[in-house]
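*Asks:* Spelled out, the chains give:
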Amino acid sequence: GPLSERRLMDVRLGELPAWLATRDFSPQGLLGGVQKAWNSYYDKYINVRRGGPAGISMLLAGYCLLSYGWNYQHIKCHRWRKYH
Amino acid sequence: VICSVLHATRPLHTTQQCSAPLPPLPEKGGEVRYGLIPEEFFQFLYPKTGVTGPYMLGTGLLLYLLSKEIYVVNHETVAAACILSVIIYGVKKFGADVAAFADKLNEEKVAKALAVKNEAIKDLETAIEQEKKEQWRVEGRSYLFDAKRNNIAMLLETNYRERLLMVYNEVKKRLDYQVAMQNLKRQKEQDHMIEWVEKNVIQSITPQQQKESIAKCILDLKALSKSAQAAV
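Protein chains in written order, with our numbering: chain A, 1 to 84; chain B, 1001 to 1232.
I should point out that these hints are in silico values taken from the structure, not numbers from a laboratory.
Treat the hints with caution; some may be incorrect.
Stated by the list, open to error - Derived DSS-like pairs: lysine-lysine, alpha-carbon spacing no greater than 30 Å straight-line:
| hint | chain 1 | residue 1 | chain 2 | residue 2 |
| --- | --- | --- | --- | --- |
| 1 | A | Lys-44 | B | Lys-1028 |
| 2 | A | Lys-44 | B | Lys-1104 |
| 3 | B | Lys-1226 | B | Lys-1211 |
| 4 | B | Lys-1122 | B | Lys-1112 |
| 5 | B | Lys-1068 | A | Lys-76 |
| 6 | B | Lys-1109 | B | Lys-1092 |
| 7 | B | Lys-1199 | B | Lys-1211 |
| 8 | B | Lys-1093 | A | Lys-44 |
| 9 | B | Lys-1093 | B | Lys-1104 |
| 10 | A | Lys-44 | B | Lys-1092 |
| 11 | B | Lys-1222 | B | Lys-1211 |
| 12 | B | Lys-1122 | B | Lys-1109 |
| 13 | B | Lys-1048 | A | Lys-44 |
| 14 | B | Lys-1199 | B | Lys-1216 |
| 15 | A | Lys-82 | B | Lys-1068 |
| 16 | A | Lys-44 | B | Lys-1112 |
| 17 | B | Lys-1104 | B | Lys-1133 |
| 18 | B | Lys-1226 | A | Lys-44 |
| 19 | B | Lys-1185 | B | Lys-1173 |
| 20 | A | Lys-36 | B | Lys-1199 |
All of these numbers come straight from a predicted model, not from anything done at the bench.
All chains, please: the whole structure from these sequences, using the hints.
*Replies:* Here is the structure:
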């Protein structure tokens, strides 16, 4: 279909800038986008009859990665070697 | 907190209202390998790199991060390793039991709701049957009214006959009274007349007649006694 109506996963790599241009970056737009993403994740991994550890473990792993990235400047000081 | 805020700001009633039943919850979630990486990633790399592609990618990435010390090994690594091992041991050992328990809770909830629904359906069905019975009863109206009419007619007849009897009794009483009056009057007249005749006769017996009758009686008695003596 047309570029503006496709989801991120269906967009090819070369069309990515054009697709980004069609996105809505106002606060409501961003909030709506975040909401849709959360809803699709929730419906796929958590809101099921027999879920497993996968639903929250992925969230926790993402949180670990994010917090590592936020504290990277501080962690860089604890490196073992000076030159890599 | 973020989730609840997101849920609160979600726009409600945006699509057309449709009365189709909700689709049931999916049985299992999306496939995830090792609890961390969705299966779609492996499928995405499969055409180009086969089965071992993602594992190679993972190993290479890991070694790159370690060698360039983009991931620094410090006390947190040890802590993370201990925590992860405990978590994985716990999940592997008690996962099935917890899942069964949660399933049982869910089952009970669903069973209760289903029971309520079935109960409501049964009640409604009995109500329908009773309604039909009432409708059948309505057809018997005509018999009911005929019986009632008969009852009323009988009451009227009874009342009429009672009154008839009363009238007869009253009239008979009055006529009896008249008859009794006449009888009494005749009786009284007779008695009075007899008395008057007797009184006059006794008055008319003069003393002379009395003496003569007494003498006659004595003579008769003597004659009788003579005949009686003779008989003895």
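*Asks:* For this structure, which hints from the list above don't hold up?
*Replies:* The structure breaks hints 17, 18, 20; every other hint is satisfied.
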